[in-house]
Amino acid sequence: MSAATKPASTEAALTMSGAEVVLRALKDNGVEVIFGYPGGAVLPIYDALFQQNAIRHILVRHEQAAVHAAEGYARSTGKVGCVLVTSGPGATNAVTGLVDALMDSIPVVCLTGQVPTHLIGNDAFQEADTTGITRPATKHNYLVKKSGDLARVVHEAFYVAKSGRPGPVVIDLPKDILINKAPYTEPPIAAHRSYRPQTEPDAEQIRKAVRLLKAAKRPIVYAGGGVINAGPEASRLLTEFVRMTGFPCTNTLMGLGAFPSEDPHFVGMLGMHGTYEANLAMHGCDVMLNIGARFDDRVTGRLNAFAPNSKKIHADIDPSSINKNVPVDVAIVGDAGRVLAALIECWKAEDAPQDKHVLTAWWRQIDEWRAKDCLRYRQSGKIIKPQHAVKRLYEITKELGRETFITTEVGQHQMWAAQYFGFQKPNRWMTSGGLGTMGYGLPAAMGVQIAHPDALVIDIAGEASILMNIQEMGTLAQYRLPVKVFILNNEYMGMVRQWQELLHGGRYSESYSAALPDFVKLAESFHAKGIRVTDADDLDAGIREMIAYPGPVIADIAVAKDENCFPMIPSGAAHNEMILGEDQEGGVAGVTDEGKVLV
Amino acid sequence: MSEAGNAQRAATIAVLVENEAGVLARVIGLFSGRGYNIDSLTVAPVDETGRISRITVVTSGTEMVIEQIKAQLDRLVPVHKVSDLTLEGPHLVRELALIKVVGRGENRVEALRLADAFRARVVDATTESFVFEMTGAAEKIDAFCALMRPIGLAEVSRTGAVAIARGPRGLS
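Chain order of the listed sequences is E and F. To convert, take the position in the first sequence, counting from 1, and add 33; that gives the working numbering. To convert, take the position in the second sequence, counting from 1, and add 4; that gives the working numbering.
These are computed hints drawn from the structure, not numbers from a lab. Cβ atoms here follow ideal geometry from the backbone N, Cα and C, with glycine treated the same way.
Taking lysine-lysine pairs in the DSSO-like style, the calculated list, with each CA pair at most 27 Å apart, reads:
(1) 74(F) / 357(E)
(2) 74(F) / 195(E)
(3) 247(E) / 381(E)
(4) 344(E) / 74(F)
Partial selection, computed: residues in chain E whose CB lies under 10 Å from chain F:
(5) 175
(6) 176
(7) 198
All chains should be modelled from the sequences, with the hints used to inform the complete structure.
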């Protein structure tokens with residue numbers, strides 16, 4: 034590494050404090066915004082921040098929110114999100130956000146303060162073993178014990194966070210390291226000593242994949258968050274590939290927006306609350322092309338019944354994702370964009386003709402499944418169906434034509450948002466997929482709005498989830514962030530209630546949202562606008578009023594309390610055993626005891 | 005799943021890592037966090053600068069699990085190289101043990117006789133004890149300890165396995 038780093042002139046180098054070196058390194062890695070919360074151990078960085086203008090600091094109200102905001106920033110821009118928190122409780126509060134970013138492969142660099150090096154291990158005030166605690170919560174972490182390592186570690190952290198399969202990286206910074214003078218070195222040019230992820234796919238594997246795909250009678254493309262992480266060009270290539278081949282395409286929850294939802298090749302999201310046609314196409318396919326998805330348990334259902342008669346091709350940048358849950362026939366390690374480009378090129382070069390006739394038959398079958406109209410619901414009377422609320426929100430934003438970003442909390446509202454809100458472009462949809470973190474949506478929306486000040490940013494929320502990080506209404510007020518919080522208020526932790534109804538005999542243990550605040554007054558007390566809608570006839574007006582208001586808004590939409598989220602693959606069931614809504618035939622099937630133990 | 009099989013196998017895996025703080029905790033945490041077995045684990049720096057350490061881990065699992073263990077190890081940032089010695093061909097496995105045997109009279113004579121047969125060396129002796137040093141495969145040390153048990157085995161300290169491939173090919 035030393036050969037590749039150019040030390041700045043030595044005398045100049047030692048005029049900077051560690052804190053100044055950190056900020057300079059952030060700037061040289063393209064950081065414009067940092068989400069944070071001050072405390073004793075990071076005071077030197079806050080002092081340095083005060084004396085510069087290159088990096089903007091956004092003061093959150095809780096460290097967990099700082100990480101989610103950085104995630105929202107990262108997911109909507111493709112850049113690395115940056116976080117600054119203090120030692121001890123600052124770091125432990127950030128852990129949920131870090132695990133969230135790890136599970137969803139979001140690039141975040143989190144700077145944590147630490148007690149000075151000579152006090153480490155002494156149970157000093159606000160000391161915590163941050164690298165120990167965050168080791169399984171991060172892609173990688175560092176404790177800087179020598180001033181000479183400081184600049185290199187920050188540069189390396191950004192490289193690790195954004196390359197390969199992205200993820201969160203923690204840098205633990207003892208206070209003496211921040212105060213003492215430290216040398217600055219420019220970001221390195223040479224490769225990392227040990228970490229060199231493979232991005233270029235193997236040509237032979239690509240050829241094998243194309244041969245399988247050309248001969249496929251019932252193909253399906255199953256694309257996930259890896260396509261989004263590979264940048265907008267990867268989404269463009271995915272769209273090109275699907276249109277060129279005429280294959281049906283489904284997206285995971287993380288992959289929504291990677292393929293335009295309004296394209297006729299799109300069969301909807303797959304998985305536990307995916308569409309009937311997507312899941313049956315997965316079950317019935319003969320060749321599956323998985324790009325940038327990880328055969329998550331929400332997607333596969335019962336593993337031994339997953340796509341039983343298919344050849345599987347799996348392209349992923351992380352070799353450990355391949356053959357982890359599902360053994361595959363062709364494994365391609367590489368960046369989703371590079372893989373798609375190679376597939377397109379190879380598809381065009383291969384002479385073997387594609388049998389369009391059998392593909393037509395496959396589409397006829399898919400159209401039959403589609404005709405079930407599995408997302409159908411009946412909106413009648415004054416009580417607002419939650420599905421209807423999301424659908425109208427989508428239609429109205431589409432009609433307005435503004436650049437729109439959606440974040441969510443976790444639960445039923447999240448699934449309805451995924452089902453009824455359409456995404457035509459990548460990076461417009463931010464949701465906590467892997468970890469399922471309630472309280473994600475509001476801070477994530479803050480991060481998105483910071484990155485896109487003129488865009489319409491809406492957090493589709495539930496009344497229970499929103500309370501988990503409601504303090505961030507203060508951040509919205511301070512920075513005049515016009516985020517819209519769209520609460521589907523059914524006065525239940527809806528998904529918990531739904532599982533209790535389906536699996537636990539309707540014993541609604543502790544899932545009722547008692548003693549809710551008046552969300553209108555709550556909004557007003559945080560200098561925002563509050564709107565409450567209780568009548569279906571007022572829904573559109575409420576949505577329009579929310580969008581038109583120039584500042585932050587909480588729109589509290591009272592929805593049907595006992596609505597369930599369908600379709601659903603019950604836990605432990607296979608794709609072809611999915612249950613449709615109450616309005617559809619089949620009704621709610623029983624769940625086996627084996628299924629009950631699954632989450 | 006079925007064709008992947010549920011047959012378990014043992015694997016001796018060599019891992020070259022950057023010798024930095026916390027690297028061993030990362031490897032051990034990966035095994036405990038993901039529920040993999042560790043039968044033994046050894047670690048020490050192996051290059052002239054002390055920057056690279058070699059970890060030898062003996063584990064077991066289905067083929068799919070062992071492939072997963074290797075992939076998970078390989079994606080740790082400070083890991084340079086992961087090698088499945090069991091899969092890659094002929095290799096040597098050795099373990100060092102220090103074995104304390106306490107006794108008097110005929111038992112002492114018998115202990116020395118057995119040690120001779122196993123090529124264990126006496127590295128410490130008092131009038132009522134011996135410490136034997138032996139190297140070998142784990143099974144050989146197991147067998148030696150089993151024989152010593154009735155004649156005064158008092159304490160055993162073992163390194164766990166270290167391993168290296170036969171032939172000219174190196175791991176780096």
